[in-house]
Amino acid sequence: MTTMQSILTIVAVVAGTMLTRFLPFLIFPEGKTPPFYITWLGMVLPYAVIGLLVVYCLKDAVFSAYHGLPELMAIVCIGILHKWKKNTLLSIGFGTVFYMFLVQNFFV
Amino acid sequence: MKRKALKAALPYTIPIAIGFLFLGMSYGFLMRSKGFSFIYPMLMSLFIFAGSMEFVTVNLLLSAFHPLYAFFLALMVNARHLFYGISMLSKYKGVGWKKLYLIYGMCDESFTVNCTVTPPSDVDRGWFMFFVTLLNHIYWVTGATLGALLGYVIQFDTKGIEFVMTALFIVMFINQWEEATEHRSALTGFGCSVLCLFIFGKESFLLPAMALMILCFTFYRKKDRGEETR
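Residue numbers (this note's numbering), protein chains in the order written: chain W, 1 to 108; chain F, 1001 to 1230.
Hints listed in this document are in silico derivations from the structure and should not be mistaken for laboratory results. What you were told as hints is all true, and nothing was included just to trick you.
Residues from chain F that face chain W, not an exhaustive set, calculated with beta carbons under 7 Å:
hint	residue
1	PHE1065
2	PRO1067
3	ARG1080
4	HIS1081
5	LEU1082
6	VAL1164
7	MET1165
8	MET1172
9	PHE1173
10	THR1188
11	VAL1194
Derived DSBU-like pairs: lysine-lysine, alpha-carbon spacing no greater than 30 Å straight-line:
hint	chain 1	residue 1	chain 2	residue 2
12	F	LYS1002	F	LYS1098
13	W	LYS59	F	LYS1159
14	W	LYS59	F	LYS1034
15	F	LYS1159	W	LYS83
16	W	LYS59	F	LYS1202
17	F	LYS1007	F	LYS1099
18	W	LYS85	F	LYS1159
19	F	LYS1159	W	LYS86
20	F	LYS1202	F	LYS1159
21	F	LYS1004	F	LYS1091
Where is the CB? At the ideal position from N, CA and C, for every residue including glycine.
Whole structure, please, built from the sequences with the hints as guidance.
Structure (structure tokens):
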């Protein structure tokens, strides 16, 4: 990607993000009630999108040589650690270090 | 008036500061390890200011140029802001020019504080919300920039560091799973994505997956409604 293409990509992401933030205030200026369908989508989509993002992160691993085995091991590790300690930053930090250890030493 | 509001807002943002500095730094460090100058994470954290989407943008920048796809992905990933905005319609009313910045900087954490905390009566509400948003914004940009700068100094084998994004989403998935009363939404999102990944392949599954999700939700809504009226 050229620098110009990178900038355009970032601008597209900024535009998409800002649209989600400003839209409610633009269409419902004062006292107008938003349709329930929109409110409801804003409520249920976050739960669905995290599932999408998890799949997005693993899309390359699934089709790779190890078919996502190191990823699966790290995810199980994160799941157990998170259930046990319930510390978001600890789970993310330890999970990443564990994955790096796996792919640098065993799944090279 | 401003000092008082800043003093009232600061304590609420301290726990957020820790999280933002840690995540922001790992984001900046990740971008640097993928060969980007620190300018990228600095400006992206300043202008996008939506953590998950910034991590995803790293991947977008490393794959083929497709701005429309980036736009729709940002729209979906950040759809929750629609819900935040609707909840804040009345709260952000009557705060003057600050309203623009409050909307611009409405991330999950700023929304949570501004939505749930009522400042003491002698503190200006507008300035209080403004400082909550501004402080969080500063923590995030500082973290991202520091992380990238660290990437110039510290050298080690960073192979696998991109897993920090997967780890972040896995933990968010678990957290959401535990606080949700029903898992239909989470399962729909996951199911549609896996299905489309195998049908359309990894290069082009995102848009169909998002469309299928919206379709499923519209169908659920119709079905639930039908059950209500019966």
